Each structure stands twice: as C-alpha cells, then as structure tokens.
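Asks: Starting from the given sequences, assemble the full structure and let the hints guide the process.
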Amino acid sequence: MKVRRLTSRYLGPRSLAASGSLLLLASCATNAPQDTWQPKGPNAKMIDDLQQPVFAVAGIIGIIVAACVGFAIWRYKDRGQPIPEQTHGKPALEVSLTVIPALILAVVGVFTFRAIFDLARTDDTQLVINVTGQQWWWEYDYPVQNEWGITQPIISSGQLVLPIGTKVLLRETSRDVIHSYWIPALNGKRDAVPGRVHTLRLQADAPGIYAGQCTEFCGLSHANMRMEAVALSDADFAKWVANQQAAYQAPAEGTLAKEGESVFLNQCVRCHQVSGLKRADGSLAIAAPDENVWSGAAPNLTKLMTRNTFAGAMFNLLRDACRDDVWRAESAAFGEKYLGGVDESCLNVNDLRAWLRNAPEVKPMYANPALLTDTNGKYRGMPNLGLSESDIDKLVAYLLTLK
Amino acid sequence: MAIIERPTPVLDIPALPAAPPAITPSRTFGALKRPVASTGWKSWLFTVDHKKIGLMYGATALFFFIVGGLEAVLIRLQLAAPEGKVLNADLYNQMFTMHATTMVFLFVMPMAAGFANYFIPLQIGARDVAFPRINAFGFWCFLGGGIVINLAWFLGGAADGGWFMYAPNSGPVFSPSNGIDFWALGLQIAGIASLTGAINLIVTVLNMRAPGMSLMKMPVFTWLVTVVQFLLLFAIPVITVALFLLTFQRSFGAQFFDVAAGADPLLWQHLFWIFGHPEVYVLILPSFGIVSEVLPVFSRKPLFGYPFVVFSGAAIGFVGWGVWAHHMFASGLGPVSVAVFSVATMAIAVPTGVKIINWTLTMWGGKLVFSTAMKFAVGLILLFTIGGLSGVTHSVAPSDTQQTDTYYIVAHFHYVLFGGSVFGLFAGFYYWWPKMFGKLLNERLGSLNFWFMVIGMNLTFGPMHILGLQGQPRRMYQWTEARAGEGFFNIAFWNLVASIGSLVLTLGILFFLINIVVTARSKVRAPLDPWNARSLEWMTSNPPKEHNFDSIPKVEHLDEFFHRKYEEDPVTHTMRGVATAEQVLAELERNADPHIHMPSPSYWPLVLAVGLPVIALGVIYSTMVAIVGGFIVLYAIYGWALEPATAVASDFDTPSTNGHAVSTTHG
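Quick mapping for you: the protein sequence lines, in order, are chains A and B.
Residues 1 to 403 (our numbering) are what the first sequence spells out, left to right.
Residues 404 to 1070 (our numbering) are what the second sequence spells out, left to right.
No wet-lab data here; the hints were simulated from the structure.
Zero decoy hints are in this set.
Which chain B residues face chain A? A few, computed with CB under 10 Å, are given here:
#1 TRP767
#2 ALA800
#3 ILE894
Cut-off 25 Å, straight-line C-alpha distance, at most; resulting in silico cross-link-like pairs (DMTMM-like, lysine to aspartate or glutamate):
#4 B:LYS957 - A:GLU85
#5 B:LYS842 - A:ASP78
#6 B:LYS770 - B:ASP932
#7 B:LYS770 - A:GLU85
#8 A:LYS90 - B:ASP972
#9 B:LYS488 - A:GLU361
This structure is a prediction, so every number in the text was calculated from the model and none was measured.
C-beta: ideal position from N, C-alpha, C; glycine also.
Replies: Spelled out as structure tokens, the structure:
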C-alpha cells in the first residue's frame, strides 16, 4: 500500500516535524473502510489524482506562510529597536504576490474543469441501477437489461451488487427527504433528491465489499443509514442475477419455516414484498407499503439471505466471524464466499431477533403513534409489531429460507 | 432622522416643535413619558447610546457563546466513544442544529455587531450612529429573536433540521415538534436587527465621518464592517423570504417545498446559500478588521498595503455573491454549474490570500509587542491559513464530492470560524477592553486563555481533518466501531482526541471568563493609551464620555492618532515622539464644542421589539395572541413616529468643562 501523504493541516505546522516519524505508522492503516484516499475504481482514482497535488501544494503553501510568520515573530520581536519607518506597502510586491496564487489556481482550475465533465459522463454506461433513498435505507432496482441476463426487474436493498470493471450508472432519487449516496472507494457522493433523478458513475476494479454512508442529514436515524457496494466478477455477477430471478421456494409443509411463512403473511406482507409468495388460497401476496408507511416503500425481502445486512445496513445478517471471513477474503475467493449467503450457523440471530421484537428500540425511528397525526397515521420506519417469542422463532426460520 | 450632533441649536428645527402641542418630550403620545434616567437599569433599557447598545450586544452574545459552547461539549462527549449514550438521536439532532444556530446568529454576528456599534462612531469621529432609536430597536430584536429560538428547548424540543434546514426534511411531517417554527420565527426577528443595523451603520459611515476623513483614511475595521453591512443589506432579505416560505409551509399548509405538489426542494438550498455564503463573509470580515487594527498597533507600523486590504475586502464582498452553489456540489446541479462555481470559489481565494500576505508583511520589519491581543491576531493568521487552504481543496469540485458533509468540512470551517472569527473577536476583547471599561484585562490570564484555546482548538478540530478524510460523515449521533478502521488513522482514536481537545478549549474559555471577573474586581485603571494605538477611538477617555469627543478631530492621516504623537525623523526615517496621548487629548478638550446635543432615550424601540416575539408565539399557538402582538407593534410605531426627534433643552447634555486636562480615570 502506498505511503500516505501527510500535509501540514493534519497536525498544525509546528508538529509537522514530529509527525514525520508517524508516516510509517500511517502506512499501516489497513482496514479503513471509508477512507477517501484509497480509490478502488477509476472514478475515485480520477478524483484522487486531482486532489493529491492540490493537497501537496496547499500543504507547501501552508508551510511557507507559517515559516514566514514564524520568522517575523523571531526576527522582529521588540528588543528595544526604534519605531520603524511608517511604510505603507510595496505595490509591485503586492501585485506579484496576488498574481502567483491566481496562476496556481488557474492551473488547478483547468484540471478541475476536465475532471468535472469526465465524471458527469453518462454516454458510456454499461449497466444501469436505479437507487432510491428513503428514511433510512436504500432500495436497489435493476431494470431489465438482457445483456446482463436481467430479464425481469430485480429489487433489492442493503447491498448494491455490481460487476467489476463495468461502467455502472446509478440513477438516484428519493421518496421522502434528501439523502446522499456515497461509496468513497468508488466515487464522490451524489444527493438523492425527491422529484429529481441524479446520476452517479460507479466502477470497481476488484471483487470485494466497499462501505459507504448516507451523507445528507435525513432525520433521526441518519447515522444508521449505511450502504455496502459488493463487486463481483462477471461470472459471479451472472450467478447472482440468475439466483435473484429464481422462482420462490415455499418451505416444506410441517416445518417451523412453514409456520413462519404464515406469520409473515399475517404481519409482514402488509409492507414487505417477497416475490412469488402465495397466500393459503393460492393468490399472490402483494405488499401495500404505500398504505402503511409514509415513504410508500419497505425493503423487498425476496432472497433476503443472499444479502449480508438488514435494517438499512445498520445490522449485519452475518455474525462477526462469518462477516470477517467474507470481507477479508482474497479477491479470487470472494465471489464464492459472498454468493454462499447466510445460513443458520452464520446468522446474526441476536440482532435479527431484537429487530423483530421491537424495531424502533434498536434503531431510532418516528414510530411513536403520538407523532403520526401529521403523516395521516402512516409510520416512518418499522413499528413495534408486538410479536411473541414463538412468532419470532418461526419468522427467523422462515427468513432463513429466503435464499 | 435624528440630528444627533448640533454645535449650535439653531438650524431648521423649529418645524418640529410646531407639531401638535399634545406631543412634547414630557408628554409623549400614549401613556409613556420620555425616559430621563441616565444611571441604573432604566438607563440601559431605554438607552439609545451606541456604546451602551454595543455593550449589551456584547454581553448577550457572550452569554449565547457559553450556551453554544456547552452544546458543543455535549456533542463531543456523545462522540468520544462508539455508540455514544450521552444524548439520544433526537436530542443530538437538536444539539448540533442549535450549536450552529447559536454560534452563527447569536454569538459571532451580534458580537461583531457589538464591536461595530461601539467602535465605528468612535473610529470615524462621530458622537453616535445616524439612527440611535433604530439602533436600540435592533438590539432588542436580536435579544427577542435569540429568546424565541431557544424557548423551543422548554416547549417540546428545539429545532432539529440542521442550521441549513434543508427541505423537505424541515417540513411538518418530518419534524413534528414546534422547534423549527420557533427557529424560523426567531431568526426572522433577529434578522430585523441585522437589516436595520446594516442601514444604520452604512448611513453613519457614509455621512458622519470627521472632517478630513476620506474613505481611504478610514480605519480598516470600519471599512470591512461596512462591507459586511452591504452584504447583510442584500443577504438578509433573501433569508427573510426563505424563512417566510418555511413558516407558511409549516404553519399555514403552503406547499413551496412539497415535492408531491410539484415543488423542487433545491429551491430552499439556493435561497439558503445565496444568503448563507455571504453570511460566511459576514462572520469573518469583522475579525479581519479587528486584526488589521491590532497587528499595526503592536508592530508599530502601518498596515502593509492598506488599499489592497480594503479593495480585497470589497472584492470579497462582490465575489462572495457568486460562490453559493459550492455548498451544493453534491446536490446534482449538473457539470456546467458545478464548473462555474468551482472556478468562482478558487477566485475568491485570491483576495483572501492577499490579506494573509499583507498581515505577514505588516509584521515584517516591525517592532513586535506580544500582548494577548497580538497573540490572538497572529494566531488568526496561522489558523485561518490552515482553514483557507483546506477551503481551496474543496473548491476543486470533484474532490469536494469526497469531502462534503464529512468531518473534513467541519474541520475546515472551524479553522475558519473559530481560528478566524473567534480568534479575531478575542483579539478585539483584549485590545479594546480598556477602552470599553477603563481597565486592562489581566495579561497573565490572557496568556493562559490564549494558549489553552490554541492547543484546545487544534486538538479538537485538527483531528477532524483525519476523521473526514477517513469518511466519517457529519451530523451522526453515533459512530460505530465496525467502520472505525485500524492503524494510526482509525477514527476511534481521533474522535477521542477531538473530544479531549474540546475540554481543553473549554478551559481556555474559562480562563477568559475568570479574567473578566478578576479585571472587574481590580482597582487598577488602565492608562489613557495603553497600547500606543493609532486610530481615533483612542483619542478620548477610557471609557469614552457619552458624547465621545469634546471636539471632533480634523483628520489628516490614516492612523491620525499615531501621527499626532509621532513625527518622522527626516534623516533616519525612524519615528520620534512629539506628544503624549494626554497632550493630544488635552488639545481636543481645549477646543471643546460649546454645545453638544446628544439623542434622548426612548421607550419605543423596546416596546416595538417586545411586540414581535408575541406575534411569533401567536403564529405558533394562537392567532389571537398574534393579533395582540400586532397591536403592540402598531402602538409602538405610532408612538415612535410622533415622538420628536429632539428633546427639549433641559434634556441637552451640559457642555463638558473646557480647558482641563483629562485624567486617566475620567469616566
């Protein structure tokens, strides 16, 4: 890994010398999930290539100014010298010291211009994913794109899955307030604004998981609105696409999971869609989140256990050891591990049960009925459903079948 | 318009006594007689004296500084460790919203307004501002606005949408408490203070300068504050409109920002930042002015490149209007807008850099005296430079899309606003304290104050550069260990450092408060000219008499006071003293004006200002209350309009005693 460039602003000019020895330590910052100086794709790389020289020049100028002020303090301290001549300035010096920074900035401006337009390109897109923010999770909607094997729309949440080396275009919008989509390793951020569609280019060089976070203040659980972008090789991406479109497999009769399915049909399906799920009478179960939730949407739980997170990526579906196993896998082995999904041995059952037991208790949401008059009785976020422990047992067993 | 200075009481005044006889100063329209108290609390409540108003601005702003500081400490305590439990999410959102609102609108702006009120008339050789009653009205509006904004803490929760209050998150659905209503109406009232103050100070500076003081002989503090008043004059109406839209949206069901009704939420962002970016210069330029006074005094040299500092200040005042969208680089404006605002933002770095260069060259070749005021001024140069340079890194728009809404931005603007604005204000405290109170702040405590603040501020805000570049977003009530990373730059360590730093910073502020108390209890009076100062405000007693100057000095030089004390040796070009400050003052007293007319106190500014919060509460709770408030306002306007601008002869100040030397304890 490259040694990080440490500019004067980090620790103030005076400690710069001391901090030099820390440069070695700096290079040891391995696991820094949201580091903006470790680009993992060409868009982020373009930004990094632009900003590193600017940081360096800014650092040098900072040191020069500090040195000049420091010199003046030392040299012209009152040691009993007479009151100096009352000079009012030297216009030639002033003008040149004005022009030099202006020229430096002009050069920076040229490169900035180019990068702004390059990063705004949409004409070379290879894969489109619609991204919709709402309080406090992201929905990922893959429109039909036959060349990628996407023959019916795939709707997911929690993790954005994309093929490596591919120019992906996110088309962002929001269903309630303004959110901002940001995966630092792949690109800068772009706001998701209700009523507007904004585009953001993403491209990952290597398979792996890239972390990000909502960066536009969006209310109570803004801090808990996280995202993860999962980059897979083309072959693995094709497998993922195929599995997402695979038909619904109902649990076997007589199992705990089958009982969970009926709890799901009684409670959860009011908001959460599972594609292909049928009611006891054989009719398709259609969720109606627009009748219950202010944003009009709740995460689609089809193939839930192919994802690693839930509740807006606030919680992991994998327990820590299994999660580390996936996150730290070598590039070549990553795809297979990720596609393995979540099984009973790896399920983070504590957080999932706590969530099912009383969601607003573990994630701040405006679920207080007293505050629902302004929203015509609709919830903002998942309410406490008052499920019994045995219902939770059944639901967990059922959710584990959604793979 | 009040005529506040009249050597001979003739002119065309007879027109006013010809008004209906029922309205005389002793029998004002309505129930209220004209107040006459010149001591005690009534003399403060009904004063129109720019110095008393300035002090009231300062004292109130200092109170809000402590409030905003405590809010900041709570924020840092919450973020010291992962999954902080000091505040819950709701309270945290209120805390950061109110911290910013308090510091911007209730501390830095009114503190700068306090200095401007107190020192601009003194610096330009005037006896008061152009509109003394409007000046008093402005202060009471600021106080009323501040109270309304903070009242929400006790009435269901403070505003929780961030100081930028982006729509639609600021709508009634997404923020159901009344906090944002109090916020919008309180800021509206405080905005009246800024707007009336701007008009008042602009008229004062343009019309009431001492004879001979051309614009280019005006002290730099006055210059830069005047630029600020022009910024306020045009920026406040924009936020006024925005706040009206917000209030109507929340209280009366309007749909200006309702996406379902076809609104575009970016409208609010544009309105807010068209106000908000000039506001940034409103916050920083007064402090630039203060250090531009302090550095020459303690370098014993004129400001290097005075015209460059003045014109770069004016340039900032113009270009400052063309950079607002750099707050919106991630908002999805499209590449053309982003490119234009990116380049405009780089351009504004140039006049700002000019100031750094000029301050450094002012010190160059000087005779530097490191009083506490000077330490804060030099601190500003270094800290603001860091903030300015990090600012340049996000003028590069693509780079900004990585940095915006992270702690890197928090670091940047705290270096600019704390290292810049606040350090400038502290330089002003130490420099002007003897002028305002006749006593010098303790320099030993001042030194502790300075060093704890410098170290605390760098410990608090320095690590935030790292946190931001490591991807920690702003406005998160908690951060999680899982995303903290490992190694030297892990955010867990640096969050803890920042939190410890905030406590060091708090100690620094505490030393300042102790210093105020120690100084107030001290019996030692400050000498007349403790700093060997250069400008007109020092050509009067400490503190100044109510009428400021016994005779208005004729100005021949920039740094008039200095040039009355020193002459250049034609051979060596060094300066030699020709008169002491006492001698310069005695000269002014010898020529004292025989008849000095000062404006009389009035009830109406306070009565009018009391009506506004009543209306605000009425808008939130009950229309009837708003109507009562409206009647108070109408009554006050009526009484004010019929109150004569000039009081009867008995209200005139007695002329000062002629020809006597001014003692240093003259108060």
